[in-house]
Amino acid sequence: MSKEVVIRAENISKLYRLGQVGTGTLSHDLKRWWALARGKEDPYLKIGAENDRTKNVQSDFAWALKDINFEINKGDTLGIIGKNGAGKSTLLKLLSRVTSPTTGQIKVKGRIASLLEVGTGFHPELTGRENIFLNGAILGMTRKEILRKFDEIVDFAGVQMYIDTPVKRYSSGMYVRLAFGVAAHLEPEILIVDEVLAVGDAEFQKKCLGKMSDVASHGRTIIFVSHNMQAVQSLCKSAIYLKAGHIVDQGDTDKVINNYLSREVKNCIAAEWSNEDEAPGNEYLSIMSARLNPKLQKDTDAIDVATEMDLTFEFILHKECNLNISLFLSTPAGLCIFNVSTLSLPLGTGRHSSTLTIPARLLNDDIYTITLYFVKDRGPVIFTIEDILTFEVVDEPRTGSWFGKWIGAVRPTLPFTLT
Amino acid sequence: MADTIKGNDIEKWDINITSGRGYLDFQFGELWHYRDLLMMFVKKDIITVYKQTILGPIWFVVQPLLTSLMFLIIFSRIANISTGAVPAVLFYLIGTTLWGYFSDTLNVTSKTFTENATVFGKVYFPRIILPLSKVVSGLVKFLIQFSLFIVVWLYYIFIDKKVTPNWYVLLSPVWLAVVVLLSFSFGTIITSLTTKYRDLIFLVGFGVQLAMYMTPVIIPLSEVHGKKKLFFLLNPLTSLFEAFKYGFFGQGVFDIKWILYSIIFTLVTLVIGFVIFNKVEKRFIDTV
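Protein chains in written order, with my numbering: chain A, 47 to 465; chain B, 3 to 290.
Quick caveat, the hints were computed from the structure, so don't treat them as lab data.
As the structure is a computational prediction, the values presented were derived from the model and not from experiment.
Each residue gets a CB set at the ideal place from its N, CA and C atoms; glycine is no exception.
Treat the hints with caution; some may be incorrect.
What the hints assert, rightly or not - Pairs of lysine-lysine residues, derived as BS3-like cross-links and limited to a Cα-Cα distance of at most 27 angstroms, are as follows:
#1 A:K301 to A:K451
#2 B:K281 to A:K77
#3 A:K153 to A:K283
#4 A:K120 to B:K14
#5 A:K344 to A:K289
#6 A:K190 to B:K45
#7 B:K198 to A:K77
#8 A:K195 to B:K45
#9 A:K153 to B:K45
#10 B:K198 to B:K284
#11 A:K289 to B:K284
Said to hold, decoys possible - Listed next, with one range per pair, are the computed distances between beta-carbon atoms:
#12 B:W61 to A:Q206: 39 to 45 angstroms
#13 B:Q54 to A:Q206: 21 to 27 angstroms
#14 B:Q54 to A:D201: 25 to 31 angstroms
#15 A:K190 to B:T20: 29 to 35 angstroms
#16 A:T188 to B:T20: 56 to 62 angstroms
#17 B:K230 to A:T188: 50 to 56 angstroms
#18 B:Q54 to A:G219: 38 to 44 angstroms
#19 B:L68 to A:T188: 39 to 45 angstroms
#20 A:S263 to B:Q54: 43 to 49 angstroms
#21 B:L202 to A:G156: 35 to 41 angstroms
#22 B:T20 to A:R63: 19 to 25 angstroms
Kindly produce the complete structure, drawing on both the sequences and the hints.
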């Protein structure tokens, strides 16, 4: 296949106004209008703050995207990854022409269809048949095309019996299937897909992703936006990594995803205090360090479900006592995955250390926090430290066609036979 | 060499997504591509109104019928306002039918951006399709209501023999077209202006109600005298409504000067409406 560029984005930026529209915008509008009328530059284009939601910025404007450049070749499948608020949705909106960039331009060859949602424009009072035509038309199909695909769509959705029933009487599953059926039978040269499509039950997800790779294999171009690294990895040949409105990295999917994981996974995997005064503690003890040591091949690799790791804590005991440490590993949502305890040992004053080994393939992919309880004489808790370590375990590369979230608090590999 | 490549390059792109659009850069070709969507929207509007009703589209005629009846009692019988030589029922029926079309279309098109923001936020199609579809579905409703008027009108011609139409009745579609365009252009202007500042929307519902009394819906122009008459005539709908009545009843003021004024007024607002709408549709989703 020839390398024909079908989308070229040149220096696109998008400025959003922060706060509420309607307060003070009239004066901004007048100032802008006055500046432009005198042939000057728009005064508000210069001031936008970088889009970092964690900072409390003074500016009223923020760049959701700033100077984005990329090209997509015909037949490419491009994944767009990034954390929430990185500008993925804005880019998607620009590409699907829902809104337009503040500066720059995007040139496109061929027909674009975007699936930011299934069932856009579905009317509850209309029958399945009527909604297929309406939704198809909204997505850019002509009546003829819909007629040609009609039976296929109904088949795909499996709603033959209810095709002349208003969709308000449909079960939610039927509704989504019908909506996706219409979307799946679009035949644009360029398809833009938001990850919302890939939620739902496993079977449905399989169908969606299967349909997408099907579309891709027919030489059409796909742009796929997702948090789901596994889906991106298997579907997309190349990827763009967005952060705070900028492109951090683009190119080969594996390279970009690795870059993303190593930068975005925010771990507090080591904490250390140089002297006892600053260290957390009380009259019994002071905690000097906490460290997570994943057994990785390269330091830059992300901790995934197949990584074995050691958690090591060091503390100074000020009073001699029988001590045991109880460790809670919890999710940020507060669910305790497990609680383990050391033996209770008579310890003298001075420096001690404790190490927990978490085997590979125990934890599921999630974020975890560690809380320690120091217990004296198997009775009273003498010191508690919450969230001393925080780390994220990511999913490992998967094969096959299902990339949904692996369900479960833990993810052990247990002897499970089938004969 | 480099220049020629660049020249070809520009030719090849189908869509160019840029920050702004020129004031007169209309995408009429694209509109044609989406004609099926227009028809689907019209169909949706009409079907959904009478879903789960027994009488179905008959409900469309109840509205002008009841309004006319109410006008007959209040304005004709109680307030004793003359409708000239035209039978009061007939006069009110055509007035409310025409006015109903104008105000309904204006009201619904003036909410295009605010009411459809969710759909507009998810998918692209030429936004003007929506107000256009409202204009067309309104016309379907109008024609159903108008056929009721025709029935009553025929009764007055052939049985009651109180009304004698003239050949100008054949020009009615032209007057109707002007009313259609006028409601559409007002609607698009208002919806474009209200994406950012909602203030205007409060005025519209109220203003449309008041405007009815400035249009010969209740009082024929022949009954309005002095300075007030000029105010009536400045309303572009007045001479159009009168022209309708002139054709259908042989009664009314038919002044080509004022009709031309209405037509020019309409064309100017239409152009303004198109230009503003075209400008706003590209980025309204950020402010709506």
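Can you list which hints this structure breaks, lowest number first?
-> 9, 12, 16 and 18
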